[in-house]
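With chain A's structure known, arrange chain B on it following the hints.
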Amino acid sequence: MIIANRCLIFETRHAALERIGSGFPAPIRFGRAGGSRKPWGNKRVTTAAEETWVACVWFPEFPLQVEQQRRPEWAGAPLALLAGERQPVVFACSFEARALGVRRGMPLREVLSLAPQILCEPADPLTYQSVFDRIVLRLEEITPLIEVATPGRAFLGLEGLAPLEGEGTETAPRLYPSAIALAVALEATVTAPFSGFFGLGRGKFTAHVASRFAALAWQRPARKWPNPGPAGWFSPGGRVCRIHAPGPPQAVAAVLRPLPVSWLPVEERMRRKLEQFGLRSLGQLAALPVSAVTAQFGKEGRRAWLLSQGRDEEPLQPRLPGVEIGETLEFPTPEILQEPLLQAVAQLLETALRRPERRGRSVSQVRLEAHLEDSPLWLRTITLRRPAARTEPLFGALRYSLERLPPPAPVLTLTLFLANLTPAWTGQLSLFPEPGEEIRTRLLEELRQLRVRMGRMPVARIVEMDPCSRIPERRYSLIDCEP
Amino acid sequence: MFPDPRTKIQSHRLRALNQPRPLLVYATAHGKPVAVYRVPAHPGRWLRVTAVQDQWRVDDEWWRHEVRRRYLTLLLEDGASLTVFQDLLTGEWYQQSY
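As you go down the protein sequences, you meet chains A and B in turn. Read in my numbering, the first sequence has 426 at position 426, and its numbers run on one by one without any break. In my numbering, each residue carries its 1-based index in the second sequence increased by 1000.
Honestly, the hints are just simulated from the structure, not real lab data. Remember, it's a predicted structure, so these values are computed and weren't measured experimentally. Each residue gets a CB set at the ideal place from its N, CA and C atoms; glycine is no exception. Among the hints, a few may not be true.
Unchecked claim - Beyond 10 Å from chain B on every Cβ pair, some chain A residues (computed): (1) Q317; (2) L349; (3) E392.
What the hints assert, rightly or not - Derived list of chain B stretches under chain A, where covered just means 3 residues or more per stretch with a C-beta under 8 Å from a C-beta of chain A: (4) 1015-1021; (5) 1055-1068; (6) 1087-1098.
Chain A on its own, in the form it takes in the complex (with noise of 0.2 Å):
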């Protein structure tokens, strides 16, 4: 008995070391050793991550839905999205494709040998962060706390904004009067052409798993509809569902008990792994002792065998939106020329320190964005080792990236966006001002009151755009001076 006791310290101080190791908090467990762990008093400790009400945006296949907005014509055809030079695989491909044999992480080769008529185009991850992130500028109107975790996927922090454990329980006013009411303002943000879903539910796995019960139901509405627990519903718009099991966590863990293993959040080699061992679902995994589990997949093993138990210990880590400034400029005609986009860039960027949002700040990264012509988006982000709030160094550290590195095709539309706005001026002032400071100040003044008089800018410049062209009007442009 004495030496039952010893190990079952041992077992339990090992346990939480582990725990405080990993960065999260470590809830106090007493239990025996082996994985079938008896709670003190028949009560467990739940982490504050697992206690969170976490929503889940989920869009299938989303750089499949951007790219059939962006052609309308493969629609309904077996396209292979293709990432990698040397060596292209399967990114992500649609629905007929997948009824043909392809899945995703297949070498090209293999695809070709199974499907010789499919379509395969270069997948595009830049445009398909851009249009995400487009999306979830909507959703920070709901909530600011989200994490973007994939493009396509990402987690909204839901504290405070509705009573959430059901009607009459909370007393504290919301944002929202009802869950269903905050359902209603979370399908309000997707819109056509994109199809998303959503889920609620305790933890982020779980709100994962209530998206894609959303998901199916909305796909199958005639079969039968996955069980989101005794307090779970779908919306009346069928695109929100929550999952909810009131009283002991193990409620919650017999909703996800006939769950697929492939449903969990791990790497594809562990889920392979799984079948092969003929755990395929998650039931089966949570019926193992945790030690079996770990000993076997390491700490991937054990994260699983907690989801599979309904206990997400992993926060909620959202992201800080800060200022951001941008500028855009479209060309009349695609420009390839150095000289006119080192222009261009001059020109936004001295439009973008003039904004009033930067008026004593400094900047710490910049970023050019340029859509190019029958190319993908194409991005370069610099970060400054310090921070700057002058043209000069600015435009040299842009310079620099340009001319070492040019966009690859003719560029159709320049935006720059300032980024990282440090809270003070770092710069210093000179004591002596500068030869025609004072008439440059002047000029600029008299610009501005131009402007506001007569409601835009009478005054341009003339921009060198290509003057060996042929073509005459692609010589030279008009851009408005901005003072």
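Leaving out everything else, chain B in the frame of chain A:
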């Protein structure tokens, strides 16, 4: 509900200079201009073309929006020199300095 901390992206546009201006030209069946109309110095009057001082072709950007033009430098009856071109794709005439 929650204001977006990002600022609105302002957009600008480059406007091409020296855009071609449509012109009425009376030409022979072989495409040789005989008279031009609506020259700014003499509104509402046909001016006879005294001589064709120079002529050249521009064929460019066949891979994008094809440009096929026949430029001519005309000497008018009042002594003025005018550069015009005929768009060989549409047959229209334009005035544009080169």
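Here's how the hints hold up against the structure:
1. Q317: holds (18 Å)
2. L349: It holds; A:L349 is separated from chain B by about 12 Å at its closest Cβ, greater than 10 Å.
3. E392: holds (21 Å)
4. 1015-1021: holds (count 6)
5. 1055-1068: n = 5 at 8 Å, threshold three: holds.
6. 1087-1098: It holds: at least three residues are needed, and the segment 1087-1098 of chain B offers 3 whose Cβ sits within less than 8 Å of chain A.
No hint from the list above goes unmet by this structure.
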